[in-house]
Amino acid sequence: MNPEIIFEAKGLTMRFGGLTAVSEFSAAIEKGSITGLIGPNGAGKTTCFNMITGFYRPTEGQVFLKGRDLTGKPPYTACKAGIARTFQNIRLFNNETVLENVMIGCHLRQKSNWFQAVLFMPGYIKEDRAMRERSLELLETVGLAHLANEQADSLPYGAQRRLEIARALATEPHFLLLDEPAAGMNPQESQELMQFVRDIRTDFDLTILVIEHDMKVVMGICEHIYVLDYGVTIAQGKPEEIQSNPKVIEAYLGEEYVSHA
Amino acid sequence: MKTSTKISLNLAVVAALGLFLLWAQGALDGYKIQILNLIAVNIILAMSLNLIYGFTGMFSLGHAGFMAIGAYVCSIMIMSPEQKEMLFILDAAYPWVQNAHAPFLVATIAGGLVAAAAAALIGLPLLRLGDDYLGIATLGFAEIIRVIANNIPRVTNGALGFKGIPDYANLWWNFGWCVVTFYVIVRLVKCNTGNVFKAIRDNEIAAKAMGVNVFGYKLLSFTIGAFFAGVGGALLASLLTTIDPKMFLFTLTFNVLMIVVTGGLGSITGSILAGIGITALLEWLRFVENPIYFGDFELPGIPGMRMVVFSLALICIILFRREGLMGMREFSWQGARNLFSGKRRAS
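These protein sequences, in sequence, are chains A and B. So the first sequence is residues 1 to 261, counted in our numbering. So the second sequence is residues 262 to 608, counted in our numbering.
Worth flagging that the hints you see were computed from the coordinates, not collected in a lab. Glycine included, each C-beta is placed from N, C-alpha and C at the ideal position. Honestly, I wouldn't trust all of these hints.
Interface residues of chain A toward chain B, partial, derived using beta-carbon atoms under 10 Å [claimed, not checked]: (1) N101; (2) G105; (3) Y157; (4) A159; (5) E164.
Computed footprint of chain B on chain A, listed as stretches where at least three residues anywhere in the stretch have a Cβ under 8 Å from a Cβ of chain B [claimed, not checked]: (6) 111 to 122; (7) 184 to 197.
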């Protein structure tokens, strides 16, 4: 039996006026895999993420998660279906505490509503306590539990990145999109991040798609890689295939380096 | 600190407030009681605007409109049919206006509900707008309500407005509603729905990525805020016993906005402090509108001078303490205890 395909993109195209940011991006991602999406700056990687998570409605093409068509659905529908993401430039809720940031992620699966909270109904109290515990557990997982009551923007950079991941995990996703998780990290931190990404994949039964510029990280954790250049998918395959692909080398280093490589 | 301790402390505060009101009712003259009443109404209005602007980050200038709706609905319902017959001299009222009659509690709630319904209705198109655009659009909405009130004499008695509205809104009603508003908004802001509101304020894009139906939550916050604005308007109508469309000009929204900004956007206790302070100051500052004597030198009194003083004060607040009195912080029992025991931030 073939491995189960959890996510599928078919011919995703995004045009902004005359500019085609992404053209005909297709991908089929296996359940439980870590897939990389790489390419030079401005290649359209984040645009792909935005189409997948519902922030952009693709000009053409379709997005499927577990066979369900999510094309052009608003972000909260995509999120409810099980797609969570982080951002290239960190977007935390800065005036909230670390714990509250995670609890906002939990809200998606919350059943009790504000009215029950106002009336102190038992259903709400129970759920609120459970949510708090779950959020603390998630913070434990990313190693931020001791900072739970700090304000989010007071955290150091690396911790903010991990908090963003914890917050995404709180929405109970099946498919997690990480936009440059290792940006601004030193080699030591990148190493830890790689292990961390592998860990959460097993612990939370995730499928992960990651945009990353740090090739050590990409080659280290990804099982499959898509390469974009000027919106076009120029290559895909296993890390070793990508490393020796002349088109990829050309895109990154320029034509004259291909013969030497 | 234990939850039970906090609850008993809160109850103690409510009891103290009750005792104070009991004392005030007997010991203070009508003018001072009126100021206390205005304080309660202003706090209700400030908390409701704070929910919309301070906690959810929607720059709404439509408060006067919601208040007008609440005030008119409530007034129509508490005035007796005979009174309305006397009042509508331009045009006879519609039968449903003429015959509507209800107790004060029902009338205030109805005022709030109609205001909330109006908010939901205009929120559907308007809340898709961002910051400043929303401000301008809601400002337009408030103006529209005022113009409508001017032009449907068979419901609102046109520019003449209502006189002799029964003065049910005494200290107990006003402070009762104030406590209810405080309780509901504090609970709302503290539960996870409140976290979601704040998330939308802080970073709308991230909130969307977290699966928040941003538009739905904005509409919820806007509607709840409008409900309490309508209640505040209803209480104000019964308190002043006379309303007309001119009362609901932009300056009314401005007063509320001033309290919210001074108290701190996103701080309920800030709204309360500023509500007390500004209402009291507005009365106290009346002396600047009277002639002032420095020995032989006489400074002539200029009507409206206190608003100038207030606008200057607001400019100073924006310049020197933009986050307001309380910033986004809240008074909490734990915080007070830490302050007294000289500890900063107990973990």
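Hints versus structure:
no. : hint       : in the structure
1   : N101       : holds, 8 Å
2   : G105       : holds, 5 Å
3   : Y157       : violated, 17 Å
4   : A159       : violated, 16 Å
5   : E164       : holds, 8 Å
6   : 111 to 122 : holds (count 5)
7   : 184 to 197 : violated (count 0)
The earlier numbered hints that this structure contradicts are 3, 4, 7.
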